[in-house]
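*Asks:* Below are the chains, spelled out letter by letter.
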Amino acid sequence: MALTEDRVADPGTLVDLLQRVEALEAQQDKAIQKKNKMTIIAWGGDLDRIWPTTILASTAAASGMEVSVFFTFWGLFAIVKPEVRITGANWMQKAMSVMNPGSAQKAKLSRYQFAGAGPLMMKKLADEHHVEKPEALMEIASDMGARLIPCQMTMDLMGLTRDDLLDGLEEPIGAATAIAEMRDAAISLFI
Amino acid sequence: MALTEDRVADPGTLVDLLQRVEALEAQQDKAIQKKNKMTIIAWGGDLDRIWPTTILASTAAASGMEVSVFFTFWGLFAIVKPEVRITGANWMQKAMSVMNPGSAQKAKLSRYQFAGAGPLMMKKLADEHHVEKPEALMEIASDMGARLIPCQMTMDLMGLTRDDLLDGLEEPIGAATAIAEMRDAAISLFI
Amino acid sequence: MALTEDRVADPGTLVDLLQRVEALEAQQDKAIQKKNKMTIIAWGGDLDRIWPTTILASTAAASGMEVSVFFTFWGLFAIVKPEVRITGANWMQKAMSVMNPGSAQKAKLSRYQFAGAGPLMMKKLADEHHVEKPEALMEIASDMGARLIPCQMTMDLMGLTRDDLLDGLEEPIGAATAIAEMRDAAISLFI
Chain R
1 MALTEDRVAD PGTLVDLLQR VEALEAQQDK AIQKKNKMTI IAWGGDLDRI WPTTILASTA
61 AASGMEVSVF FTFWGLFAIV KPEVRITGAN WMQKAMSVMN PGSAQKAKLS RYQFAGAGPL
121 MMKKLADEHH VEKPEALMEI ASDMGARLIP CQMTMDLMGL TRDDLLDGLE EPIGAATAIA
181 EMRDAAISLF I
Chain S
1001 MALTEDRVAD PGTLVDLLQR VEALEAQQDK AIQKKNKMTI IAWGGDLDRI WPTTILASTA
1061 AASGMEVSVF FTFWGLFAIV KPEVRITGAN WMQKAMSVMN PGSAQKAKLS RYQFAGAGPL
1121 MMKKLADEHH VEKPEALMEI ASDMGARLIP CQMTMDLMGL TRDDLLDGLE EPIGAATAIA
1181 EMRDAAISLF I
Chain P
2001 MALTEDRVAD PGTLVDLLQR VEALEAQQDK AIQKKNKMTI IAWGGDLDRI WPTTILASTA
2061 AASGMEVSVF FTFWGLFAIV KPEVRITGAN WMQKAMSVMN PGSAQKAKLS RYQFAGAGPL
2121 MMKKLADEHH VEKPEALMEI ASDMGARLIP CQMTMDLMGL TRDDLLDGLE EPIGAATAIA
2181 EMRDAAISLF I
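Chains as they are written, first to last, in this note's numbering: chain R, 1 to 191; chain S, 1001 to 1191; chain P, 2001 to 2191.
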């Protein structure tokens, strides 16, 4: 169908055009719009999970993407201050904190732990190949605008307070807000 | 460029408008439209994976999102009826079922199992902080319209029948249908 | 509001229409357009992770979706050639390769290893139920156009060369390119 001036001047075409615009609007209203944004649910606390989390977060932030990382379950222990040792208000919470020494620096590997030799080996290889370590990547990501957010429910369960966690984090949120974060993110990952 | 009545009455503008609507339509047709929907591939059967799965599913359903959860691999054992013990038709399937006691209630932690003390401790902490347990969350999610769907292939592999699984589940599906579920979901997670 | 010829002939309507088209264009420009595409970050090297990765990749490719799989961390060992044994340039890299025997064929289960009996049992069950094994699924996926891509950084860390990896892979990429792959994919999963 050629686009002639005759055709476009025809009121029939205009009715058609209006209807097509309305259809486009209806479909756009219904569809979830995705922003240039990445949201990670950082569930794992192991070094081999915190590493990809922080590599992806810092790389995405560097490329200009909006980034939010929601630290929950074992992942929460990766944002405990390195100098904080035993946390929690009762013996169960204290026991959990002993089993999960805080901070990414002390994170274990999910395999090949070898009493700490595995993580050391990985970090030595990283040094030799100029790959930044998770704690540095987290700071880089944060400096570039990535939002690091603790999970309120896990904090309650584990008895962790705001003071136990790294400085510069966002206010804690719950699952509903984390879901809202993911809904408009172009990329959502559970790591 | 000011929107004057002169400009819009010009047939040139109308041709332009028609072309722009056609371009919008073409791009909208090509793009995958995302619905207000969350799809989870529930691959893990451990308590610390089933918990986030059911927290996210019930919270999303409560917020009015469409939710589908596809239980596959180890995750399938989380939707076996609690009273069902050994399942399967041959010794290998029976062995698998012994190693994976059915239902979310009996799920282990991926770490800190301590002969069952770890999961008990987690559940006690949850009780104290009024956090619902996975089996309750699954029911809540289902009541609010979340669709819980078993993986046909895993059922075949593990020798699980429809009777071994919880009531109220959807009909089993395969990978192709699970992919179709994720394709129009605003959030897809592998947990 | 009825669509009468009177209304559409009215220059006021045309101004309105032009503004609505501009609004649609602005929103479409801002939103990330999702293609009919699935991108998997294949992080895990265990049989029970490589299996869902290759099932999803081959099924999606068969349904006409664009597919890219980014093999990183432990996942990289799943695309080492089966005949390649010890890899790496120094003792740490060699030790890593011994702990991660290359190829999907040699992948372990994340649980129930039983000195190899677990994976064997799973594969025997798969044979009986005509489920293809990961190495076959990877070939099927690749034949159907799925792009299998190694992570450059992990290759450097682990001392793996292009020759250690399967034939038919894409050129290695880094995190920034992997993020770009996910950004326009309708489905992105971290497995």
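Since the hints were made in silico from the structure, they are not lab data.
Since this is a predicted model, take the numbers as computed values, not measurements.
Note that the Cβ used here is the ideal one computed from N, Cα and C, for glycine as well.
Careful: at least some of the hints might be erroneous.
[As the list claims (entries may be wrong)] Lysine to aspartate or glutamate pairs mimicking EDC-like chemistry, simulated, CA-CA at most 16 Å apart: (1) Lys37(R) - Asp2029(P); (2) Lys124(R) - Asp184(R); (3) Lys1035(S) - Asp184(R).
[Stated by the list, open to error] Partial pick of chain S residues on the chain P-facing surface, computed with a CB cut under 7 Å: (4) Leu1018; (5) Leu1024; (6) Ala1031; (7) Ile1032; (8) Phe1073; (9) Asp1156; (10) Leu1157; (11) Ala1175; (12) Ala1176; (13) Ile1179; (14) Met1182; (15) Arg1183; (16) Ser1188; (17) Phe1190.
*Asks:* With a cut-off of 16 Å on the C-alpha distance, tell me whether Lys37(R) and Asp2029(P) pass.
*Replies:* 15 Å, holds
*Asks:* When the nearest CB of chain P is found for Arg1183(S), is that gap smaller than 7 Å?
*Replies:* 5 Å, holds
*Asks:* Report holds or violated for the interface hint on Ala1031(S), using the least CB-CB distance to chain P and a cut-off of 7 Å.
*Replies:* 4 Å, holds
*Asks:* For the hint on Met1182(S), does the least C-beta distance to chain P fall short of 7 Å?
*Replies:* With Cβ-Cβ at 5 Å, under 7 Å, it holds.
*Asks:* Is the straight-line distance between the alpha-carbon of Lys1035(S) and that of Asp184(R) 16 Å or less?
*Replies:* 11 Å, holds
*Asks:* Return the status of the interface hint for Ala1175(S): holds when the least beta-carbon distance to chain P is below 7 Å, violated otherwise.
*Replies:* 4 Å, holds
*Asks:* May I ask you to test the interface hint for Leu1157(S) with respect to chain P, counting a Cβ-Cβ separation under 7 Å as satisfied?
*Replies:* Check passed: Cβ of Leu1157(S) comes within 5 Å of chain P, closer than 7 Å.
*Asks:* Are the Cα atoms of Lys124(R) and Asp184(R) separated by 16 Å or less?
*Replies:* 38 Å, violated
*Asks:* Minimum Cβ distance from Asp1156(S) to chain P below 7 Å?
*Replies:* 5 Å, holds
*Asks:* Double-check Ala1176(S) for me: the hint is only fine if its C-beta lies closer than 7 Å to a C-beta in chain P.
*Replies:* 5 Å, holds
*Asks:* At a threshold of 7 Å, is the proposed contact between Ile1032(S) and chain P supported by beta-carbon distances?
*Replies:* Because about 4 Å separates Ile1032(S) from the closest Cβ in chain P, which is inside the 7 Å limit, the hint holds.
*Asks:* Does Ile1179(S) hold up as a contact with chain P if the rule is Cβ-Cβ below 7 Å?
*Replies:* Status holds, d = 5 Å.
In this structure, the earlier hints numbered 2, 4 are contradicted, and the remaining ones agree with it.
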